[in-house]
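Trainee: What follows is the residue order along each chain.
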Amino acid sequence: MLLAMFPGMLLGMVIPLFLAPLVFGRYFGAMEIMVPCMLGGMLAGMWISMAVTMHPVSLGQAATQGIIIALGSLVFCYLLNAFEKMKAKA
Amino acid sequence: MSEITDKKTQAKWDKAAPSFDFMAGLGAEKRWAEDKSELFSYMDGNILFLALGTGLDIAHFPTGKTIETIDISPKMLQIAEERLKGYDGSINAQVMDAHNLDFPDNHFDQIYTSCTFCSVPNPVKGLESLYRVLKPGGELRMFEHTGSRYFPFNVMMNFMTLITSKFGPDMNRTTVKNVQAAGFEVLSVKPVYLDVVKTITARKPA
Chain G
0 MLLAMFPGML
10 LGMVIPLFLA
20 PLVFGRYFGA
30 MEIMVPCMLG
40 GMLAGMWISM
50 AVTMHPVSLG
60 QAATQGIIIA
70 LGSLVFCYLL
80 NAFEKMKAKA
Chain B
0 MSEITDKKTQ
10 AKWDKAAPSF
20 DFMAGLGAEK
30 RWAEDKSELF
40 SYMDGNILFL
50 ALGTGLDIAH
60 FPTGKTIETI
70 DISPKMLQIA
80 EERLKGYDGS
90 INAQVMDAHN
100 LDFPDNHFDQ
110 IYTSCTFCSV
120 PNPVKGLESL
130 YRVLKPGGEL
140 RMFEHTGSRY
150 FPFNVMMNFM
160 TLITSKFGPD
170 MNRTTVKNVQ
180 AAGFEVLSVK
190 PVYLDVVKTI
200 TARKPA
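Those sequence lines, one after another, are chains G and B.
Counting with numbering that gives the first Met the number 0, you get residues 0 to 89 for the letters of the first sequence.
Counting with numbering that gives the first Met the number 0, you get residues 0 to 205 for the letters of the second sequence.
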């Protein structure tokens, strides 16, 4: 299970590193894309690769779980950024 | 003009030049425009700007200034030519290595950088070079991306650097510490995105 998580994590990080700037580069700064997308990809990759070693997971289930984790990562990055700016102003 | 000894870095950025505007100039310039304009609004006196790249930052410069600028890549400066001509003021661009600045000691009142010290191979040596050419009491104002102190971002940044350093910048630099190591007094660090993209204001002690 742990061995499966590692390639899942690597794939989840590498794919967004190249793909995310191409898709979203028109709208955001490079870091604003790569950091949340890589975090989401890393966590989703780890989670899904772990899940498939434990029990059968359909493509739909994997996609749903991946999307939920990715959205959670986006919200986390947004809130952390807001916290950093608030801290700097204080 | 000083001779460029770091041919490897020069070749890397020459290779990146044709696609640089596409990768760095779309969303980044829109999202960071306000912070860059605010940083550059302090431009005054004898100014050095490094590294110019394709000149995307010129749009954020206040008008009517006289600015010396350098870049290690002649291909970047070729692309910047139109933007240089369009500036309402005077910009003199030269091919030069940040490690080995061909300017006299204590020459500039202010030095500005924009996403520069993610790419200078020896950042402390480069910053020491800036320290030399800056007048005592002069200001160093930087717009930079660095590594993060937060887990797991710091791990991600280290991983990204393994890949991005082959064709572009490092993502895990400790630029604020490097500025201090070069002898500058850090006055403020303002976050632009997380603790990764930031503006740094420092001063050479009088």
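Wrong hints could be hidden among the right ones.
What the hints assert, rightly or not - Reference listing, derived: stretches of chain G covered by chain B, where coverage requires no fewer than 3 residues with Cβ under 8 Å from a Cβ of chain B: (1) 11 to 24; (2) 37 to 50.
Claimed, not checked - Listed below are the simulated BS3-like cross-link pairs for lysine-lysine, each with C-alpha atoms no more than 25 Å apart in a straight line: (3) G/Lys84 / B/Lys84; (4) G/Lys88 / B/Lys176; (5) B/Lys14 / B/Lys189; (6) G/Lys86 / B/Lys176; (7) B/Lys14 / G/Lys88.
As the list claims (entries may be wrong) - Taking beta-carbon pairs under 7 Å as the criterion, some of the chain B residues facing chain G (in silico): (8) Arg30; (9) Trp31; (10) Arg82; (11) Leu83; (12) His144; (13) Leu186.
Think of the hints as simulated: they come from the structure by calculation, not from any bench.
Backbone N, C-alpha and C fix where the C-beta goes; we use that ideal spot for every residue, glycine too.
Trainee: Checking C-beta pairs, does the region 11 to 24 of chain G have three or more residues closer than 8 Å to chain B?
Mentor: Holds: 6 residues of the region 11 to 24 of chain G have a Cβ under 8 Å from chain B.
Trainee: Do three or more residues of the region 37 to 50 of chain G come closer than 8 Å to chain B, measuring C-beta to C-beta?
Mentor: Coverage by chain B holds for the region 37 to 50 of chain G (3 residues, Cβ < 8 Å).
Trainee: Are the Cα atoms of lysine 14 of chain B and lysine 189 of chain B separated by 25 Å or less?
Mentor: Not OK: lysine 14 of chain B and lysine 189 of chain B at ~32 Å, beyond 25 Å, violated.
Trainee: Tell me if the interface restraint on leucine 83 of chain B is satisfied: Cβ within less than 7 Å of some Cβ in chain G.
Mentor: The hint is violated - leucine 83 of chain B has no Cβ within 7 Å of chain G, the shortest such distance being about 24 Å.
Trainee: Would you check whether tryptophan 31 of chain B satisfies its interface hint, that is, whether its CB is within less than 7 Å of any CB in chain G?
Mentor: Cβ of tryptophan 31 of chain B sits 5 Å from chain G, so the hint holds.
Trainee: Take a quick look at whether lysine 14 of chain B and lysine 88 of chain G sit within 25 Å of each other, Cα to Cα.
Mentor: violated (40 Å)
Trainee: Given the hint that lysine 84 of chain G pairs with lysine 84 of chain B, test it: the Cα-Cα distance must not exceed 25 Å.
Mentor: Between lysine 84 of chain G and lysine 84 of chain B the Cα gap is close to 37 Å, so the pair fails against 25 Å, i.e. violated.
Trainee: Answer holds if the nearest beta-carbon of chain G is closer than 7 Å to that of arginine 82 of chain B; otherwise answer violated.
Mentor: With a closest approach of 20 Å, the arginine 82 of chain B hint is violated.
Trainee: May I ask you to test the interface hint for arginine 30 of chain B with respect to chain G, counting a Cβ-Cβ separation under 7 Å as satisfied?
Mentor: Interface hint status for arginine 30 of chain B: holds (4 Å vs cutoff 7 Å).
Trainee: For the restraint on histidine 144 of chain B, tell me whether the closest CB of chain G is nearer than 7 Å.
Mentor: Nearest chain G Cβ about 6 Å off; hint holds.
Trainee: Next item in the hint list is leucine 186 of chain B. Is there a CB on chain G closer than 7 Å to its CB?
Mentor: For leucine 186 of chain B, the interface hint is violated, since the closest Cβ of chain G sits about 14 Å away, which is over 7 Å.
Trainee: Given the hint that lysine 86 of chain G pairs with lysine 176 of chain B, does the C-alpha gap stay at or below 25 Å?
Mentor: holds (20 Å)
The structure is inconsistent with the numbered hints 3, 5, 7, 10, 11, 13, although it conforms to all the rest.
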